[in-house]
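*Asks:* First to last, the sequence lines map onto chains A and B. All residue numbers for the first sequence refer to numbering that gives the first Met the number 0, where the first residue is 0 and numbers rise by one. All residue numbers for the second sequence refer to numbering that gives the first Met the number 0, where the first residue is 0 and numbers rise by one.
A couple of the hints might just be wrong.
Unchecked claim - One side only, chain B facing chain A, incomplete, derived with CB under 10 Å:
(1) Asn31
(2) Thr32
(3) Val34
(4) His35
(5) Leu62
(6) Val77
(7) Phe78
(8) Arg116
(9) Lys119
(10) Gly121
(11) Pro122
(12) Ile125
(13) Leu372
These aren't lab readings, by the way, just hints derived from the structure by calculation. Here the structure is a predicted model, which is why all the values come from computation and not from measurement. All residues carry an ideal CB built from backbone N, CA and C; glycine is no exception.
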Amino acid sequence: MTSVAASAELIAELRAALGAEAVITEPEALLTYDSDGSMLVAHPPAIVVVPTTAEQVATAVRLAARAGLAIVARGAGTGIAGGAVPLCGGMVISTARMDNILTVDVRSRLAIVQPGVVNADLNAYLAPLGYQFAPDPSSQRASTIGGNIATNAGGPHCLKYGVTSNHVLAVEVVDHTGHRYWSGDGVLDPIGYDLTGLLAGSEGTLGVVTAAIVRLTPLPEAVRVVLALFPSVVAAAAAVSAVIAAGSLPTSLEVMDHNAIRAVNSAYSLGLPETTGTTALIIEVDGVQDGLDDQLDQIIAICHQHGAFDVRPARDPATQARVWTARKSVAGAIGRLAPAYYLVDTVVPRTRLPVMMEHVERLRAEYGMEVCNVFHAGDGNLHPLVLYDPRDPDQRQRAHAIAAGVLELSIAQGGVVSGEHGIGLEKCEYLPRFFSPAELQLHATIHQVFNPTGCFNPAKIFPPDTTPAALAAARAARLQQRDPTIIQNLPIPGSFVAPETPAAAAEVINACHHAGIPVVATGGTVARSSQAVTVSTMHWRGILVYEPDDLTIKVAAGTTLAELQAILAPHRQMLPLDLADPHQSLGGLVAMAVDGPRRLGYGSWRDWVLALDVIEPDGIQVRLGAQVVKNVTGYDLVKLYVGSAGTLGVITAVALKVFPQPPASATLLGQFPDSASAWAFIDDLATSRLLPTAVEYLADHHAIVVAMRTEGHPAAVERHIHQATIMAQRYAASVTAVRDTDETNFWHQTVARYAPMREQVLLRVGVWPAHCAATVQAITAHAHHRQVTAAVTAHALNGIIYIQVTGDFQQIAAFHSDLAAAFPHTHLLAAPPDFIPHAERWGHLPAARDQMRAIKVAIDPHNQMNPEAFWFADNRL
Amino acid sequence: MTVTQASSSSTQPTIPLIGFSIKDKPSSDIINTCVHCGLCLSSCPTYRETGLEMASPRGRIYLMKAVDEGRISLASEVFQEQMSLCLNCRACEAVCPSGVQYGAILEASRAQIEQARAGKAGPPAIPGTPEPKLPPRPLWQRALRGAVFGVLFKRMEAFRLFSTMMRLYQRSGIQWLARKSGLLKLLDLADTEAMLPPISDHYSVPRGQIFPAEGERRYSVALLTGCIMSTAFAHVHEATIRVLRKNGCEVILPPDQGCCGALHTHGGDLDGGRELARRNIAAFEGLGVDAIIVNAAGCGSTLKEYGHLLHDDPEWRERAERFSAKVKDVHEFLAGIDFNRSELGRLNITVTYQEPCHLVHAQRISAQPRVLLTAIPGLTLKEMPESALCCGSAGIYNITQPDMAMSLGARKIDNALTTGAEIIATANPGCALQLAGELRRRGKNVQVRYIIELLDESYRVFAATA
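Extracted from the complex, chain A is given alone in its bound form (with noise of 0.2 Å):
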């Protein structure tokens, strides 16, 4: 994109607009704007506006696309990839002023907040509410939400919490026309597909969000921080392995170096040894106060197996805060060392430390620079920082040099370009080592679809060779090209086929593709369209990666959950998802993403997918995401893909974070006198300093009962049944606590309720958490009303509810109808083919249905992927 100066009637019209205050034209100011955290490029934009307000938001977009300037939002300027250098001049949107926080709703678990809102000030103001916003990137001290978002933030929490995508529900965008528009509404699974988790770590370049809804996560009652030295990096190393594989998840293992301790050493009182060699790695814990010390001598234990030579307990909050406090400024407090330094930023599968840390030593020494290693060990996030003065080429030289050896290695090992930092315009280059050229496309082809006159942040993650708007040109080109006569075999609408591998079914693909045939997956054994070929992954089956120390596994699409966990039960690891059946392969339940109860402590599929092998409408196959736990490589299609019902392509392999088996587990079942007590209770757990993993609200006319699930160390297990038991007592609730296998058959039985069944009317409604107890209520009153009998199953604290309705067809109709008028979340899963719906079966359409089809038809232009899906086949689309 050529660089525009910004015009006297484009400045004069913003001026307007925004106010002169907000619009900034000297060159010697629009100089600070040249730069982020980065020192790599520097570039001045031609004006910078700072609005308060996302209307102002959309008129400065639309005043700059009209005049053709490139646009790129920016935050703090604390990332250090380049991505919000304005490489193309043009206008820089800073949020800096958009710092509001908007609505704050405990109950529901969530916030809504202008983009421009530092994290660290979220964090303050919710911790005297006992909350926190997870994500914890070390520039939190002074990076915004909105560049959270843009980079998909880490932090070194991110072990146990997950990355910001985890957590945020929805986010309002500015499109390239100026238009508004909000991905979700904060509810839980809204249909149709993730726009939020898509747009999370776009870097800028599909849109500009002016407010996000983040979910809140309750803060621990306790923490523990101990700090373990040892003679080498490769010994900590392996005693994050150590430690992982006893089952433990603690909520960061992070490493410093010599050098990184250094830096930070004495300016934070630290008080460590400085020797080289000398290697720090932080570890804690939280949770419930019970059985926390236990686990941190277990982890103390384990250190000193491993060679540690020196254990310190941070007990005090005050230590506590200075170890992390050090921790997170180790970039910034490299000017101690050095006038610069070129962080890389690599996460490969955890197992593959120690060989990496070897590696970067190598390269140190072979290039004769000093580097500073510090990194989420937990996670497999390496962060090698090359010393180097900038004024001398030859460093900068060696430093780049050493940064492309780690990650040739890093992506040789299983590794990604980047894990937390993003692309930017620091490794646009790497992209096509990472990639293959179709998958190249496909992301260039989400980007012509946000993106298409390349306004945001242009020259950012696609390789500086081409264009985006080239690769997606090539990829359309290649959808085009249909010829059913070069077809040997035409297959015939209705059949099915069980392909013997995902190559063969490739084929199929690809033969219906020229054939103009729709194609439908299952993981099945009959056909389930008469107008499409059904493919089955049945035949694809069981492990394709396992490194039980990486806490990840990859199979193929056929496997059962039923028989994944019996894959990872013998290493005491498990996939925390229950689900009705689990004798469904894996492929369908992630293009489905239906979920449990456990989905309080353990979120769900978008949440534990990393990767996905899929067949393109074409045929061709493209791999999505990495086998890692972080990972900001180009846009996240995976969470694209999830609970993308198939219309985007057919998944034939799907890799997982899992987790190690809680060593307990009790479930509290309290039942109640009346729904009002019920609700009570749950109140009063929500508010409590209690984690439980699982609280379900089941209703019907026989009783009422909360279950509650409690798993982990057996001490805070323990406290859980012992102080929600005297909480539910207050409200007169019989209770009872079931373990083992009479704790296993209840949630069998549970999460059986919300199994589509042919003969039952099953309905979903979503609401925001605080007014699920309000929801449910109405839903009795309308039943009642209506005359029909319904069985109320809900996630009392993710404001999900299933209700299974027994009754006359009619009246059901009109029972769904009241529902679907009252609450826009009304989803009709499951229906008997002979019951009619008077309203729609979607509930109200998303919002960005506009964008969601927009990514249909771009993807998947001859509707042929699974065409009944969603209402897509309602000619709506």
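Based on these hints, arrange chain B on the given structure of chain A.
*Replies:* Showing chain B alone in chain A's frame:
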């Protein structure tokens, strides 16, 4: 892709590019210690208020770097404005992971501007560029700066005379008349005037007095009496002396001492500051005391930096360093000596603490004031949000940047009022004036007190009831 320099070609500076001069040049080494990480941004009051990169520490250092490298001119309005808009609160310094000595390069940058305006810059730092010269300040500004920097704060007799005149103004009814008549509004002095503290009716004049310790003598200390502290806040000195005596200190008020020079060094008059520094060093260095005690945060941080200020003066450098090493903030000193907790009487009050920048940031003293406050029986300390964000006082900042000073003052009082405290405790005259002024404007019945005053009161309550 074509990348061209965006708008600079059309707005080439019409005056020749002016760089720094050699004398008191901001150190390139310090400037280059900044790795542009941006962690300072959220700590900076002017960035919080404006949201502008150039009004952040990182942005200002970037501007200094650009002048240092000859890419933008010392004459740049943006540069001069930003050097002036900075409060020099040094919150950024306290959070900077790389330890950039921001105060030093800011003060040097201001000195560069003042030297060039005064035509005293001397040879340029970049060979071949013209001697840095800027148009002189307007006459009234020069007169004001001359009166303030050259006379008022350099000669304590003049300062005391001025203070007496102000007291007469306040007490005589002229103040009432001026306020009621609208004269102040007419002269646009209403805000400045409202800032004036009620002036103590007596002064602490250092004449070599020695106040003996109560009980066993554990330490011998000297007190810096300073300028405004010795007049408007003489009662705070008296409280300080009483508290120190209660803690086994013999307190000396050495004669010939004067203003610490903070206003000069912060305002770009480094030579004026050096003159005062030499005078104070001479006044204190022969005493053989255990510590030089300061009860005003701004003076304390200035005294602790005499070593840096006189670094290029071979005759004074070591003396200055020895002097600085002895300087202790009074809270720092008390919290460090196992202070007398047994004779503290009950004060049933709710207090919030406003952290003076030059205590928390410049001297990194944050816990000690709280240790003293919470030691007082009956006192409840309620923390305000953003307690360490500058209140907007910053020396003569109220006069040079009234808008920013006002909005920061309002923000501070908003934060303080959320606590419901009846007293805002602080430890610096500038803060005390700023807070009291804003409270008075709002008609709020909240007191502003020095921590040391509260401590003194607590000792006195104990003595009265014992």
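*Asks:* All hints, please: hold or fail.
*Replies:* Now the hints, each set against the structure:
1. Asn31: Cβ of Asn31(B) sits 5 Å from chain A, so the hint holds.
2. Thr32: holds, 4 Å
3. Val34: Val34(B) check passes; min Cβ-Cβ to chain A is 5 Å, inside 10 Å.
4. His35: His35(B) check passes; min Cβ-Cβ to chain A is 6 Å, inside 10 Å.
5. Leu62: holds, 7 Å
6. Val77: Holds - the Cβ of Val77(B) comes within 10 Å of chain A, reaching about 4 Å at its closest.
7. Phe78: Hint holds; Phe78(B) Cβ to chain A Cβ min 6 Å, cut 10 Å.
8. Arg116: Violated. Min distance 19 Å.
9. Lys119: violated, 25 Å
10. Gly121: For Gly121(B), the interface hint is violated, since the closest Cβ of chain A sits about 25 Å away, which is over 10 Å.
11. Pro122: violated, 24 Å
12. Ile125: violated, 16 Å
13. Leu372: Cβ of Leu372(B) sits 17 Å from chain A, so the hint is violated.
Hints 8, 9, 10, 11, 12, 13 from the list above are not met by this structure, while the remaining hints are.
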